[in-house]
Amino acid sequence: MNSTRVFFIGGLASYRALFGWLSPWVFIPSLLVAPIFQILLFVYIGRSAGLASDEFYVIGNAVQYAAIPCLFAMTQTIAGERYQQTLGYILITPARRLPLFLGRALPVVANGFLVSAFALVVGGAIVGIDVPASAYAPIALVTAVSAFSCTGLGLVNAAVGFIVRDHSVLSNIIFGLLLVFSGANVPLADLPGWMRAISDGIPFTHGIEAARRLADGQTLVDVGGLVAAEALIGVVYGAAGYGLVRLMEVLGRRHATLERA
Amino acid sequence: MVRLFYAGWLFHLKNLSNSLFFVLISVLQPVIFASIAFFMYESGRRPGTLLYVALGAGLMGIWSSTLFGSGGAIQWQRWQGTLEIVVAAPAPFLLVLVPLTLATATIGLYSIVGTLFWGRLFFGVPLDFVHPFQLAVALPATVISLGLMGLLLASTFVLYRQASAFSNLLEYPVWLVTGLLVPLSLLPGWVEWISWGLAPTWGIKAIRAAALGGGDAWSAIGLCVLLGAVYLVLGAVFMKNFERLARQRATLSLT
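Protein chains in written order, with our numbering: chain L, 1 to 261; chain S, 1 to 255.
The hints are simulated quantities; they were obtained by calculation from the structure and are not laboratory data.
Treat the hints with care, as some may be off.
Said to hold, decoys possible - Label pairs and their computed distance ranges (CB to CB): (1) G225/L - R45/S: 27 to 37 Å; (2) P92/S - P187/L: 50 to 60 Å; (3) A7/S - D166/L: 26 to 36 Å; (4) S17/S - R253/L: 34 to 44 Å; (5) G243/L - N15/S: 50 to 60 Å; (6) V130/S - G243/L: 49 to 59 Å; (7) D130/L - D128/S: 58 to 68 Å; (8) R253/L - K14/S: 34 to 44 Å.
What the hints assert, rightly or not - Just a few of them, taken from the derived set where beta-carbon distance is under 10 Å, the chain S residues facing chain L: (9) Q29; (10) V31; (11) I32; (12) I36; (13) S43; (14) S167; (15) P173; (16) W175; (17) L181; (18) L186; (19) W190; (20) W193; (21) I194; (22) L232; (23) A236; (24) E243.
Unchecked claim - One side of the interface only, derived from the structure: several residues of chain S facing chain L at Cβ under 7 Å: (25) F21; (26) Y172; (27) V182.
Glycine included, every Cβ here is placed at the ideal spot set by N, Cα and C.
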């Protein structure tokens with residue numbers, strides 16, 4: 001029961017704290033308007049290059065933009081606590097770590113999903129893409145799975161936040177690499193072999209591909225393998241991130257470096 | 001005055017060069033966007049000139065460093081506790097701030113060098129500049145113009161508590177409407193009207209005309225400098241107003 005409370009109440013408190021910092025003055029420009037312009041930029045580059053349809057860029061960039069809330073918010077769970085000098089208090093509590101950190105991840109997944117869904121709907125409406133109504137729910141599911149997958153990577157990023165001071169720079173770098181490698185803007189077939197190999201192991205690649213196929217008329221059953229792969233990547237990164245967070249906690253206690261990076 | 005200007009510019013240039021954040025947005029981010037654009041144009045049905053893309057991506061970096069550096073310039077001085085000192089100093093506040101905003105634009109030159117180097121090394125971008133002398137004039141003219149645009153940003157963003165979020169908002173739109181990676185002819189007609197008031201539009205026109213030929217670089221350089229002068233006048237008026245109100249209300253150190 002205590003772990004359930006830590007998971008839900010702790011997660012909710014973390015969510016409210018996040019939005020205490022992430023006021024509408026930050027949320028709207030950074031998470032609702034910016035993705036629309038990212039979509040428009042790549043739609044127009046795509047038109048100029050004559051590479052792919054508008055739908056290709058709308059879906060790719062909308063799904064990929066979940067990386068901003070997922071990476072930054074997860075990193076804040078560690079770095080933000082340290083900044084407010086509350087990290088030590090959290091880590092001396094007897095609460096089990098798994099519900100503690102996963103509870104904080106849940107609102108991040110929800111936030112990432114909302115940002116992606118908003119970008120997809122508004123970006124799609126502005127550009128004028130045609131997605132069959134039957135694909136809305138499956139695409140929403142794929143978007144949520146992609147947000148989950150990236151939150152797993154965000155947990156790894158959060159663990160690195162124990163030892164790296166410029167965690168926002170690191171998040172920006174990962175965001176940029178995801179933009180290149182996930183196939184959001186360049187078809188995977190046009191990337192060099194070594195880049196494709198990396199693409200297979202990162203969040204968004206399979207989710208974006210699944211969402212595009214759904215928009216083209218395939219069913220959830222047809223893209224089940226891609227969705228499962230995206231979810232599996234999220235689980236692997238989440239487990240690795242959790243393991244790293246625990247390791248960093250132990251090292252931080254041993255070397256008395258919890259409060260500094 | 002010249003000494004103050006040069007010392008301030010050099011100090012801020014060194015200071016910004018030590019910031020991982022500025023190195024990232026000046027070098028890595030343009031390289032990432034240039035790589036995506038290289039792949040897109042190489043794979044597309046209408047492959048563009050890779051040098052055209054590399055120069056555009058480089059200027060994206062100059063805009064980003066100006067936007068984030070200048071947009072938050074006064075706020076940073078506040079956080080560091082130096083704002084009261086520089087305002088109280090006998091030197092005009094404008095002369096202290098302009099070297100900072102010019103330094104934020106200058107740091108963006110890393111992005112031009114970075115994207116050209118990256119493009120040459122990994123994508124075989126030919127670095128054959130048609131009019132090297134014009135390019136040598138166009139680059140500093142663009143940097144100065146953007147730096148003065150930074151002054152205007154600094155003097156207006158100070159009214160906005162979440163300046164960094166506002167900077168996030170303006171990054172992509174200006175990349176788009178100034179034709180850095182996309183020809184303006186592809187965008188709706190009204191966008192061109194907006195682009196005329198933005199220095200990066202004329203800066204990239206001048207740089208591309210000098211590097212690739214086929215355009216009038218001198219006219220674009222002239223318009224770039226003219227816009228810079230307009231930004232300077234507007235920035236000076238806004239800054240004076242900010243300083244007067246902050247002194248009257250004793251809010252200089254308050255966010």
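In rising order, the numbers of the hints this structure does not comply with
Numbers 5, 7, 19, 20, 21, 22, 23 and 24, in rising order.
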